[in-house]
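The primary structure of each chain is shown beneath.
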Amino acid sequence: MADPYQGPAVIPQAILAERLAAIRQRYPEAEPEAVAEIVRAVVSSMRGDLSAQETSLLSEIEELGRTIASAKAEIAALRVDDITGSDIPFATDELDAIVAHTAAATEAILETCETLDQVASDLNGPAAAQLQDATTRIYEACSFQDITGQRITKVVTTLKAIEAKVAHIVAAFGRPEGAPIVTPERELAAAGLDEAALLNGPQLPAAAMDQSDIDRLLASFD
Amino acid sequence: MTIDKSMSVLIVDDYKTMLRIIRNLLKQIDFNNVEEATDGSEALAKLRSNHFGLVISDWNMSPMTGLQLLQEVRADARLKTLPFIMVTAESKAENVVVAKQAGVSNYIVKPFNAETLREKIEKVLGNG
Numbered sequence: 000m001a002d003p004y005q006g007p008a009v010i011p012q013a014i015l016a017e018r019l020a021a022i023r024q025r026y027p028e029a030e031p032e033a034v035a036e037i038v039r040a041v042v043s044s045m046r047g048d049l050s051a052q053e054t055s056l057l058s059e060i061e062e063l064g065r066t067i068a069s070a071k072a073e074i075a076a077l078r079v080d081d082i083t084g085s086d087i088p089f090a091t092d093e094l095d096a097i098v099a100h101t102a103a104a105t106e107a108i109l110e111t112c113e114t115l116d117q118v119a120s121d122l123n124g125p126a127a128a129q130l131q132d133a134t135t136r137i138y139e140a141c142s143f144q145d146i147t148g149q150r151i152t153k154v155v156t157t158l159k160a161i162e163a164k165v166a167h168i169v170a171a172f173g174r175p176e177g178a179p180i181v182t183p184e185r186e187l188a189a190a191g192l193d194e195a196a197l198l199n200g201p202q203l204p205a206a207a208m209d210q211s212d213i214d215r216l217l218a219s220f221d
Numbered sequence: 000m001t002i003d004k005s006m007s008v009l010i011v012d013d014y015k016t017m018l019r020i021i022r023n024l025l026k027q028i029d030f031n032n033v034e035e036a037t038d039g040s041e042a043l044a045k046l047r048s049n050h051f052g053l054v055i056s057d058w059n060m061s062p063m064t065g066l067q068l069l070q071e072v073r074a075d076a077r078l079k080t081l082p083f084i085m086v087t088a089e090s091k092a093e094n095v096v097v098a099k100q101a102g103v104s105n106y107i108v109k110p111f112n113a114e115t116l117r118e119k120i121e122k123v124l125g126n127g
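Chains as they are written, first to last, in numbering that gives the first Met the number 0: chain A, 0 to 221; chain B, 0 to 127.
By construction, these hints were calculated from the structure, which means they are not laboratory data. Among the clues, some could well be false.
Stated by the list, open to error - In the DMTMM-like style, the derived pairs of lysine to aspartate or glutamate whose C-alpha atoms are separated by at most 25 angstroms in a straight line are:
#1 B/K91 x A/D221
#2 B/K79 x A/D221
#3 A/K153 x B/E93
#4 A/K153 x B/D13
#5 B/K4 x A/E113
#6 B/K15 x A/D95
Please put together the full structure from these sequences, using the hints given.
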């Protein structure tokens, strides 16, 4: 049975593949402009009268094009300088202040605790043991400062990664013709943030191994 | 086997508050001869110029990390059998495996308590 659908004359697949290869060679990175050019190449290859279905498809492509243009304009209008120049530095300064204040408080607690330890050493009997047990608990609790400091450092690193990604999006959509694309990964690598892939700092309790898990893992080597 | 608590213990951490906490906890279990270093390279210099019976080190330090320190210690003919405990917030299995393969004697995850510290010290010093 003959195919009732009589679509427009289409460009041979080999020629389309050739055009795409040429475009890929010219644009090794997947850029919005390259995508637009591919769409234009496909649309301009169409010949003859369009069916209703094809007209609808073209209309959708045009709408997609307008949406992309609008998104480009909105991204280009982003005040990225505010983000990189003041918003993120403000946030990181605030976090640094938290670390500094809690560190000072922890030092004060430790100093007081050491005084109590000294008093305990001059005592005898149950009172001395009770006092030393209390100071031990305080020392243990004070290690929170180290953990929170490391967690805050992770947050600062995340903020800097967000900053780099925002800059990448703006650069990709609003960059001058011919300017190189800088991916967030390249920016992070240039900033040395991809080093020490092993080091992740404290894990959230749900994802962390506790001491007994680590003991079991170590024992598995014996 | 009785532990000689007069031995010198080197504690290594880039966070001075943590050094102070560990020093106090060690003092409470009668280790009073404690030296401090704030990164691996300072620790290595101290280890090579003095005699220590135990190292308790953080991992994440700069410029020389605790893992690099451990590798240097294990590669040093005089230091290679020195008991070495890693005390760190790095609690992923791959960290523990890498440290074990590098020759760590034991591994304590932060935050830790005094009892865990005492237990691991006794274990690596042969009384656990």
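Evaluated hints:
| no. | hint | verdict |
| --- | --- | --- |
| 1 | B/K91 x A/D221 | holds, 19 angstroms |
| 2 | B/K79 x A/D221 | holds, 19 angstroms |
| 3 | A/K153 x B/E93 | holds, 19 angstroms |
| 4 | A/K153 x B/D13 | holds, 17 angstroms |
| 5 | B/K4 x A/E113 | holds, 20 angstroms |
| 6 | B/K15 x A/D95 | holds, 17 angstroms |
When held up to the earlier numbered hints, the structure conflicts with none and fits them all.
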